[in-house]
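J.: Chains A and B are the protein sequences, given in the same order.
Sequential numbering from 1 applies to the first sequence in the working numbering.
Sequential numbering from 1 applies to the second sequence in the working numbering.
To be clear, the hints were calculated from the coordinates, so they are not data collected in a lab.
There could be a bad hint or two in this list.
Identical chains blur together in the list; that is why a pair holds if it fits in one copy or across any two.
Once the Cα atoms are required to be at most 20 Å apart in a straight line, the calculated EDC-like pairs of lysine to aspartate or glutamate come out as [unchecked claim]: (1) K38 / E143; (2) K38 / E115; (3) K166 / D65; (4) K166 / D144; (5) K130 / D65; (6) K3 / E115; (7) K42 / E135; (8) K25 / E168; (9) K45 / D14; (10) K38 / D14.
There are 2 protein chains.
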Amino acid sequence: MAKIGVMIDNFFEDVEYTRPVKAFKDAGHQITNLGIKKGRVKGKKGTATVEIDERIRDSDYNSFDAIFIPGGYSPDNLRGHREAVEFIRNFFHTDKPVFAICHGPQLLITAQLIEGRKVTGWRSIVQDIKNAGAEFRDQEVVEDGNLVTSRQPSDIPAFIEVCLKKLE
Amino acid sequence: MAKIGVMIDNFFEDVEYTRPVKAFKDAGHQITNLGIKKGRVKGKKGTATVEIDERIRDSDYNSFDAIFIPGGYSPDNLRGHREAVEFIRNFFHTDKPVFAICHGPQLLITAQLIEGRKVTGWRSIVQDIKNAGAEFRDQEVVEDGNLVTSRQPSDIPAFIEVCLKKLE
Chain A
1 MAKIGVMIDN FFEDVEYTRP VKAFKDAGHQ ITNLGIKKGR VKGKKGTATV
51 EIDERIRDSD YNSFDAIFIP GGYSPDNLRG HREAVEFIRN FFHTDKPVFA
101 ICHGPQLLIT AQLIEGRKVT GWRSIVQDIK NAGAEFRDQE VVEDGNLVTS
151 RQPSDIPAFI EVCLKKLE
Chain B
1 MAKIGVMIDN FFEDVEYTRP VKAFKDAGHQ ITNLGIKKGR VKGKKGTATV
51 EIDERIRDSD YNSFDAIFIP GGYSPDNLRG HREAVEFIRN FFHTDKPVFA
101 ICHGPQLLIT AQLIEGRKVT GWRSIVQDIK NAGAEFRDQE VVEDGNLVTS
151 RQPSDIPAFI EVCLKKLE
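Use the sequences and the hints to build the structure in full.
T.: Have a look at this one:
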């Protein structure tokens, strides 16, 4: 079973955390919530709260089998912190699976990781994805090597399905 | 005195609306709050609420002398709506003043307006600004032709000073 690190901060899109995390746990995978600091972070809809298990600055990227980045405003908050950008860059270069939904690719853009890759994401960041040199695809889920991306909450079932296959 | 349109949505950075708007009003300028729909929008800190005066889709860009885009998550919400992107693109091409602080340049990026321009903005969007072909400057206020940009709340006094000069 895989050890999945979830990079998360305040104003995450509630269901983009809760539903994939439930599916990953139900499949027997282990979840570690990674944040800027210890304590709780809250979803933008106010329906979900997440307890941070490890500070990103204290965390060893080599200890994870996959990283998941839920959307909402959380990825934009994370990428304002150098340790989050360096963590995802180091992990991405191991070529292990990275799952990002909605605004999740923002963190990958700041870490300069998506040039030449097929990527989807929330409609507001389409131009940013293109400007980063990625090939934008308007699909519910896009798989390109180690990277799995989706656009929005309605894509969650397809997103979960592809992520779980990556973890087999 | 100038007629200033403020493009605003939920989760704006409270003081990035309230302080410049107070300064603009104190100098005798007229403020019109432009939003996606009628009603109230709230700041992310919960200290400010703004009543939308006009829907962007009903608004004539030619009726304004300047446009102001406060930061927070508001610009990212706005740029998810085609009418907001088209409105700022049409206005920008009149070469009248555009003021954007913090995440404000996100709306300009989606409208593909900053290539070759000197621009600053909040630290999380620095890579997006560079990827859009702009010349990023890490300064409290950056003036380039009709465009005035600042990084964050602590830049507000310098931002206001340059904006007010543009309106003289």
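J.: I'd like to know which numbered hints this structure contradicts. Please list them from smallest to largest.
T.: 1, 2, 5, 6, 7
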